[in-house]
Amino acid sequence: MSSILFENKKDFEALLMGNDAIARGALEAGVNVVTGYPGTPSSEIVEQLANVAGERNLYVEWSVNEKVALEVAAAGSYANLKSLCVMKQVGVNVAADSLLHIAEYGTRGPLVLVSCEDPGALSSTNEGDSRPYAKMMEFPLLEPGDFQEAKDMARWAFELSCDIRNIVMLRSVTRLSHASGNVIMGKLPKSIPEAIFEFSGTPMDQMKGAVLAFPTLVDSLRRRQHEKLSKAVAAFEESPFNTYTGPQKPELLIITSSVCNLYTREALTILNLWDRVGLLKLGTTWPLPSKLLEQHLSVCEKIFIVEEGTPFLEDNIKVMAAEKAKQVGIKTFFGRKDGTLPCVNELNPDLLIKGINHILGTSVQPVLDDYSAEAAQIIAAGVFNRELTFCPGCPHRASFWLIHTALKLDNRSGFLCGDIGCYGLGAGPCGFSTIKILQAMGSGIGMAGGFGKFDRFGMSQSVMAVCGDSTFFHAAMPALVNAVHNQSDMILVVLDNSGTAMTGFQPHPGSPAGAMGSKLPMLDIEKLCRAMDVRVEVSDPFDLKATRQILLEFLEDKGNPRVLILKQPCALSPIRKGRKMYEMAIDADRCLADHCGCNRLCTRVFKCPGLIWDTIKNKIQIDEVLCAGCGVCASICPTGAITAKKVR
Amino acid sequence: MDKDDKNQQGQQGINTKVLKQGLCTGCCACVNLCPSIEYYKDKTILVHDCNLEKGRCFTYCPRTPTDFEMLRCALFNPGDMVLEIGAFKGLYMTRAADENIRAGAQHGGTVTALIQLALDQGFIDEAILADQNDQFLPAAQSIVDKDEVSGKSGSKFAVSPTLSVFNRISKTDTGKIGVVATPCQALALAKMKVNPVPEDKMRMEKLRLVLGLFCGWALDWRKLQKLLKEKTGDRKIKGIDILPSKYACMEVYTMDGTIEIPIEEVNTCVRDNCRYCFDMTCEFADISVGAARSPEGWDVDRGWNQVIVRTDLGGQLLALAREKGVLEFKAVPDKNIENLKKASAGKKLTCLINLSEKTGNPDDFIYIDPEDPVVRHIKKLRG
Amino acid sequence: MENTLRCDPYNLIIAGVGGQGNVLASRVLGDMMIHQGYTVTIGETFGASQRGGSVMSHLRISARGGFSPQMPKGKANMVVALEPMEAIRVLAVYGNPKVKVLCNTRPIQSVGVICGEQIYPEKKQIIKWIESLSADAKFFDTTKAALNLGNPVFGNIMAMGALSSTGDLPMSLNVFEQVILKKVPAHKVEINLEAYKIGKGMVIA
Ligand SMILES: Cc1cc2nc3c(=O)[nH]c(=O)nc-3n(C[C@H](O)[C@H](O)[C@H](O)COP(=O)(O)OP(=O)(O)OC[C@H]3O[C@@H](n4cnc5c(N)ncnc54)[C@H](O)[C@@H]3O)c2cc1C
Ligand code: SF4
Ligand code: SF4
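Protein chains in written order, with my numbering: chain E, 1 to 648; chain U, 1 to 383; chain F, 1 to 205.
To be clear, the hints were calculated from the coordinates, so they are not data collected in a lab. Do not rely on the hints blindly, as some may be mistaken.
[Unchecked claim] Residues from chain U that keep clear of chain E, each with C-beta distances beyond 10 Å, as calculated:
| # | residue |
| --- | --- |
| 1 | 35 |
| 2 | 48 |
| 3 | 56 |
| 4 | 201 |
| 5 | 207 |
| 6 | 232 |
| 7 | 243 |
| 8 | 275 |
| 9 | 294 |
| 10 | 345 |
[Unchecked claim] Per label pair, the in silico range of CB-to-CB distance:
| # | chain 1 | residue 1 | chain 2 | residue 2 | range |
| --- | --- | --- | --- | --- | --- |
| 11 | U | 379 | E | 456 | 57 to 63 Å |
| 12 | E | 437 | U | 151 | 23 to 29 Å |
| 13 | E | 623 | F | 194 | 52 to 58 Å |
| 14 | U | 80 | E | 588 | 18 to 24 Å |
[Unchecked claim] Taking beta-carbon pairs under 10 Å as the criterion, some of the chain U residues facing chain E (in silico):
| # | residue |
| --- | --- |
| 15 | 57 |
| 16 | 371 |
| 17 | 379 |
Every residue gets a Cβ at the ideal spot worked out from N, C-alpha and C, and that includes glycine.
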């Protein structure tokens, strides 16, 4: 099984996922250094490139967080290498400080930042839009409008960065990154890089001087940065990635970018409006190609701007239309701001059809009223939602069971601050609704550190925080340092399941190997915490009794931060998958079922999908296929109706 | 009861009608019946939600609506009823004959001596007594060996999880069980005994003897902890006692002498729920024991007990104690019974006032039936 | 290239539950089509795949291309359901009176069912509902047949085999073989071929 993605031939066509296409584009550009931090929908790009790191002589790393990832990639650029840095939308915020300075100074070897964003928050906690960074920090922004462009623009981004000597951002979205389409491949180049960081020149010598962001240099640096932007605009005016389809004088001009291009095309085809409506698809969305826009704006009065996220294009085009009002005349704008499109959430062809109908007064496409009504009835009668849950044998289920129990027993309205990872489900029923604050990576610990200081204002609640092992390194460490230094009364529970489970087991600094598979030293979370001089305990969440004791003791032990590391690999991890620790059995006579005395604790409350409630016999059953053999349900059953026999 | 109430006779009812109302006594009648309710640090905690519409927790809890009159009729001889203090076969002043018992006991050591005797004479096979750790956190234990009884002497002023142990051992052990209980615990045991759900019938038959303690109130352990820490620092505490009201203080006996804590400060540690308690003399016991009161004054009285015998079994045990010389007896001053009745009626009245304040309705006492003859009597006394 | 699609674009949805192998099925089918010169867009919703959520893949197969990875509502030509309830969920949004359905009848319970909060409808009822929402619905138990092969996950490839027998799409065994060779490790090729063939035999037109 070899991936066609990396076949070293030209002009062959394959079905590629958007992320694969971006990876291929980077390879075609001759990328040398690849960094990133895992996050859906971006992770596959780094993973794919890691797979061919040896073959193509790349340096690929999963960095500790996005800021460091960008810095490592920038080092690549300053060493005259071609660098790619990949993250999801939230990561750009983490990297923003370095990003600002890199953009101000500029680059040497090309540096491309890929941000895969998630309109509609399909697998995110937000709808963050990083495009405004390009404007705010003044560097070019590219947005591919289909799969072929994902590959081609990724490659071109390197060329552009090389030409203007500054960082270029390529923005994708879930519906592109995780969707697939036909892509025709280009050639993979031979490159023999020579890495060197030069500092012999003057500070303003971009290619040879020291890279310094001194206050006295800022004025000159910023002027240089603006020249780069002008160069980018010049390239954008001519860019083949900005395309127009439609009549010369359209009744309505739609301006769009990214995957909205595909939605709009589909809508126009369904409505059969290609002879009346023009579509200007922009691949270069900052800085805007003003001449191109002027030309199109001047032939049409009605402008419909179609984009997801914030009204970034809409606002910028409006500003430009105002500046050029004399040339282009007065326009009527439609978009997310006037309600032609919903102001939040992702778009789709149906929303576009609705929007266009609204503007042109065209007839709505025939709705299948009877069919929809019948379907709605059926859905109401018998189709339920599938609630998300932890996998069978997931250590988080046991961990949240324990934390929930400990906080209840503690009886001081204690609460748990969480953050982003599989364990975010701890806020839902499968985690016994234990997490009460859930925001950004590592934010739970930072906030817990705050809550833990408010006793002087009468706050007497017990405060706990959780983070995963990957998050610990990513963002929790500084927050923990802060809590320790400020002597905050809080407990941190590190849910160490040995990997970045949610996004597919990417390694992190605590892992024995890196992205490229080679052996690396593992950083020990326990030792790191001990070095901070806090009380640290390590326990197995499947050992309910011992862990519960530690948690209760921690809750009594008021004062400085305490850290409990709960170690148990993810049920899907290579070491546990398909391997049961216990053979589970049922003693149905002992099962109290829904009688007073138990009321189905295992299935009503604990709810491991490895258990089945037999509604006919009114007894518990084990689902042989799903059960992961962790044995935890045997520990919670009050009557011994579930038994666990150690395997081997 | 409206429909909603009918659907809330399980844990949800415990939550809304007992815990949230601040009525939970911490008696632990609901603990160890199922895995969803636990006792932790003198509090009863609903760890996991239970949605059963009917549950034993609700049925046995002493703070869910209770038909007191039915319980009295089922357990006692109607002719023995005294409205203020419950079934009454006689009042005695006693103390343990054994000096060693007295030395370790709260007052006269009557309870310790009687439990020893009951075990020795086969009245019971095991007794559930209260112990505590060095931080005064009570723990209950079942004792089989009579030589271990005196080790558990002395009052624990926070509630003891006595009934959780009863629930546990009555499931597995086969012998006759005796329980030393506070009034709320004795009431819960009475509810269990008189009206067990079918699967608990066998279990309740094992309950042989309830030895009741008089009770004014119990302390909240966390608050007590804090207070003791404030007052004694790191000194090692040997024991504590609450003196009769005219002394208005709690005495804390430490290695370097006694520290007095003014009663107003102690009062801040009293469990809220005790303000809603209807029973001072432990009316649902076979025999109830409290501190003695006499003209001789506290220095003498503190070494004696006052005992109310309520059932034939209680009477037999006391008679045997006299016969075997286990207890010493002295004459009960004439006024004592009246004083007891007055004190008990006082607690009942306060309870009713506090409950009606909580409900905002002069005739709604949450768990107590306003038509109960004792309630009517107390209301009449108040005028 | 001769366009032998029943219609262009041919809109197909593969619906299932996380862990059923939706993604592999859609990729295999997509590759088979590209192999024969078609343009394919696949849109996937698999954010919750490992955690028991509903999963679906939209396939837009055409001689032209440029289609949205999200299919417009009511535009499906075919729904291949690896799980019966998921068929209904998808039909309710993307179905129409002319849609065809191929459906595995073996339910996958939800956590709600496990914990007794939800009831999975009777098989007969589900079949009736699916029939009433489609012009042509065929049912089979691929889970059972796949279990016979040793792993329920082969149900996805069987469903592709079943799809090939409808004649809606050019899906010869030969093309399948060429595609699967590149998709799975060598020792798994044989069993996947077997699964495809079994699936092919499942639908009696
Ligand atoms: C919380 C509390 C409040 C009290 N309030 C009053 C009062 O207001 N007026 C009054 O006259 N008497 C009161 N008493 C009773 C009094 O303190 C003595 O327990 C009683 O006089 C018996 O004395 P003794 O020397 O015979 O007891 P001991 O021989 O010392 O034996 C006491 C027995 O009671 C058990 N015990 C101790 N604490 C508890 C507890 N919390 N729950 C259950 N069992 C326990 C012990 O295990 C021991 O077996 C109270 C007792 C308690 C526990
Ligand atoms: S042992 Fe029990 S808790 Fe663990 S996976 Fe199996 S069924 Fe679930
Ligand atoms: S039974 Fe006792 S412990 Fe339980 S709720 Fe009632 S008073 Fe509280």
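Was residue 35/U rightly flagged as not at the interface, with every chain E Cβ beyond 10 Å? violated, 4 Å
Could you say whether the range 23 to 29 Å given as a hint is met by the Cβ separation of residue 437/E and residue 151/U? Violated, at about 48 Å.
A range of 57 to 63 Å was offered for this pair. Does it hold for the Cβ distance of residue 379/U and residue 456/E? violated, 47 Å
Consistency of beta-carbon spacing, residue 194/F to residue 623/E, with hint 52 to 58 Å: At 26 Å between Cβs, range violated.
So residue 243/U supposedly isn't at the interface. Is its beta-carbon more than 10 Å from every beta-carbon in chain E? Holds, since 31 Å exceeds 10 Å.
With 10 Å as the threshold, tell me whether residue 294/U passes as away from chain E on beta-carbon distances. Residue 294/U clear of chain E: closest Cβ-Cβ about 42 Å, beyond 10 Å.
Examine each Cβ of chain E, and state whether all of them lie more than 10 Å from the Cβ of residue 232/U. Consistent with the label, residue 232/U stays out of reach of chain E, its closest Cβ about 19 Å off (over 10 Å).
Quick check on residue 379/U please, does its C-beta sit within 10 Å of some C-beta on chain E? With a minimum Cβ separation of about 36 Å from chain E (threshold 10 Å), the hint on residue 379/U is violated.
Chain E versus residue 345/U - minimum CB to CB distance exceeding 10 Å, so not interface: Nearest chain E Cβ is 34 Å from residue 345/U, so the label holds.
Given as non-interface: residue 201/U, partner chain E, CB spacing beyond 10 Å: With a cut-off of 10 Å, residue 201/U remains clear of chain E, as the shortest Cβ separation is near 14 Å.
Does residue 48/U really sit off the interface, with its C-beta more than 10 Å from all C-beta atoms of chain E? Residue 48/U is in fact no farther than 10 Å from some Cβ atom of chain E, at 5 Å.
At a threshold of 10 Å, is the proposed contact between residue 57/U and chain E supported by beta-carbon distances? Nearest chain E Cβ about 8 Å off; hint holds.
The structure fails to meet hints 1, 2, 3, 11, 12, 13, 14, 16 and 17 from the earlier list, while all remaining hints are met.
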